[in-house]
Amino acid sequence: MKLLVARGLTKRFGGIVANRSIDFDVESGEIHAVIGPNGAGKSTFMAQLSGEHLPDEGSIVFDGHDITRLPIHRRAQLGLGRCFQVSRVFLEHSAIENIAVGVLARQGGHLRAWRDARNDAALLDPARRILADVGLAGREHVLASALSHGERRQLELAMALATEPSLLLLDEPMAGMGASESRVVVDLIAKLAATIAVILIEHDMEAVMALAKRISVLVNGQVVATGTPSAVIADPAVQEAYLATDHARRDHA
Amino acid sequence: MSRKIVATLFIVGFAAVPVIAKLLGQPYYLTLFGRILIYCISALSVNLLLGFVGLVSFGHAMFLGIGAYAVGICAYYGIESGFVQWPLGIAAAALAGLIVGAISVRLTGLYFIMITLAFGQLFYFVASGLTLYGGDDGMTIDARSGFGGYVNLGNQTTLYYLILAIMLLFLVLLHRLSRSRLGMVIAGIRANESRMQALGFPTYRYKLIGFVISATMCSVSGLLLANLTDFVTAQYMTWQRSGEILVMALVGGMSSLFGPVIGATALLLFEEVFSAYTDHWAVILGPILVLIVLYMPHGLWGLLPDSKKASS
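So the protein sequences, as listed, match chains A and B. For reference, each letter of the first sequence is one residue, going 1 to 253 in this note's numbering. For reference, each letter of the second sequence is one residue, going 254 to 565 in this note's numbering.
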């Protein structure tokens, strides 16, 4: 079943076309990676899916809903989770409190202004479970600011998971990580994929090859290839595109 | 001295004012500290936006003015019942807060400051144009809000304790709010609005709710001020007054619940003491404020040791 279908997505910034008529889809429970050289339009594409940028042309259907022009929070409520390229956790709060905010997003009751939420088992119990799921057990009372870079990524994932998404947008989850930290997150994403579909933007090709069921290659704002990892790597159009941009960069330098 | 002790001392001190005023034969103290408590309420309300939601409102005197005018205008037409005046003032402020907020909270930073300032000025000019009700010269209120036979605000001590009780009630409400689900959402928006949107929170709606609650709270300080001074004037709504309320919250410590109370008390007492010696007391106050803002990001409250810092 197709969980997300984007058709003809186009986004222009002034005279520059950042995304040109992108067709893209995600099956339920699939990890679909998006790769491409710097400046290929991956972030713009992600921003259109999450709702930060509205497309100039094209449509996005998610889980049967046309979300093309929906605001960010409506998409999230429908089950489109998101992790940011730079971790945006609440640094002054403990790990468990961070996750509790995610649980709260799913549970509602946000207008309750009197009852104490900080000791609310309805929020903390699910939060504790998710904390263990992402491998942060035992760190629940540590302030997010005191967590390591890798742990913050895990926490960022946990917050998104707490909203019980059916599709997760991951923007370079391995960025700036050491090899061992990277492994933890790769394993985590692989585990998630049993129940949640993932769109993965990542430069770490090793991680992409290990995780992705399909890969789409974005070059100059266009999808030049989509397919299984082995098919995409063998695709002459992909090789040419990567080589061409490499040449261009070398010439430029 | 820990924060808890200081807060307790403040509250006990406020409660003792009527007794001390009587002992010293200085009934004026009741008016002075009544006024201080009223500004504590204004500062608490503006700090709900400043410290909790993270928005700098430069127009909150408009809500204070709405409360004061509800008492004044009702009294002008012979409606002296507080059961009418107060709900009317609070409802009017909530409505004004909803309209002003709906337009303002879409904006952030400097733009939010400018639009609230503009709305504040708009309300000020309307009030000063209402010459029927005294405009800039003001209008004396003949009788204080009446509450049947239950509470007689004509008695200065009764009015003082009512003001204190309302201030304490607001402190409790804000404390509960800060620990509630709504408080969690609002704190999250202040820390990182885009993160909250990505989690599925309609942040605009929650900022608006915060704005309306804050406006409503501030109007209560206006209801009380009109009663304490037996007077209402457009001067209650000047942008300078909006600024003073903000400075009170800032000086006391906007990141805390109790800070605005410290700030309002400190500033008004400073004014009281130094204005007796010189008309230019503001010249002394100015540099002190600059230093506080520069070197004390958590205000006077931040100077006190936090006994539970490790756990919070």
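These are calculated hints, taken from the structure and not from any lab test. Glycine is no exception: its CB is placed at the ideal position from the N, C-alpha and C atoms. There's no promise every hint is true.
Per label pair, the in silico range of CB-to-CB distance [unchecked claim]:
id, chain 1, residue 1, chain 2, residue 2, range
1, A, V142, B, Y530, 50 to 60 Å
2, A, A146, B, L422, 46 to 56 Å
3, B, A355, A, N119, 47 to 57 Å
4, A, H203, B, Y364, 28 to 38 Å
5, A, F13, B, L351, 56 to 66 Å
6, B, K275, A, V142, 27 to 37 Å
7, B, Y364, A, R69, 46 to 56 Å
8, B, A418, A, N119, 43 to 53 Å
9, A, D63, B, Y364, 46 to 56 Å
10, B, Y281, A, L111, 54 to 64 Å
11, A, A132, B, V265, 44 to 54 Å
12, A, D66, B, A355, 21 to 31 Å
13, A, A132, B, Y282, 58 to 68 Å
14, B, N445, A, R106, 47 to 57 Å
Some chain A residues close to chain B (C-beta under 8 Å, calculated; not the full set) [said to hold, decoys possible]:
id, residue
15, S50
16, R69
17, H110
18, A117
19, R128
20, T163
21, R183
22, V184
23, V186
How does the Cβ-Cβ distance of A132 (chain A) and V265 (chain B) compare with 44 to 54 Å: does it lie in that range?
47 Å, holds
With respect to the beta-carbon atoms only, verify the hint that F13 (chain A) and L351 (chain B) lie 56 to 66 Å apart.
Distance hint for F13 (chain A), L351 (chain B) is violated at roughly 36 Å.
CB of Y281 (chain B) to CB of L111 (chain A), is that within 54 to 64 Å?
Once the Cβ atoms are compared, 44 Å apart, the range 54 to 64 Å for L111 (chain A) and Y281 (chain B) is violated.
Does the beta carbon distance between D66 (chain A) and A355 (chain B) stay inside 21 to 31 Å, or does it fall outside?
At roughly 27 Å between Cβ atoms, A355 (chain B) and D66 (chain A) fall inside 21 to 31 Å, so the hint holds.
Go ahead and decide if the range 28 to 38 Å is satisfied by the Cβ distance of H203 (chain A) to Y364 (chain B).
Once the Cβ atoms are compared, 37 Å apart, the range 28 to 38 Å for Y364 (chain B) and H203 (chain A) holds.
How about R69 (chain A): closest beta carbon in chain B under 8 Å, or not?
The hint is violated - R69 (chain A) has no Cβ within 8 Å of chain B, the shortest such distance being about 15 Å.
Go through the hint on V186 (chain A) and say holds or violated, using the shortest Cβ distance to chain B against 8 Å.
Interface hint status for V186 (chain A): violated (23 Å vs cutoff 8 Å).
Using the Cβ atoms, figure out if A418 (chain B) sits within 43 to 53 Å of N119 (chain A).
Hint violated: Cβ distance 28 Å, outside 43 to 53 Å.
Just to be sure I understand the hint, the distance between the Cβ atoms of A355 (chain B) and N119 (chain A) should be within 47 to 57 Å; is that true here?
34 Å, violated
Holds or violated: is the Cβ of T163 (chain A) closer than 8 Å to a Cβ in chain B?
6 Å, holds
Hint validation: V184 (chain A) versus chain B, beta carbon distance must be below 8 Å. Holds or violated?
This interface hint is violated because 22 Å lies over the 8 Å limit.
Between A132 (chain A) and Y282 (chain B), is the Cβ distance one that fits in 58 to 68 Å?
59 Å, holds
Checked against the numbered hints above, the structure violates hints 2, 3, 5, 6, 7, 8, 9, 10, 14, 16, 19, 21, 22, 23; every other hint is satisfied.
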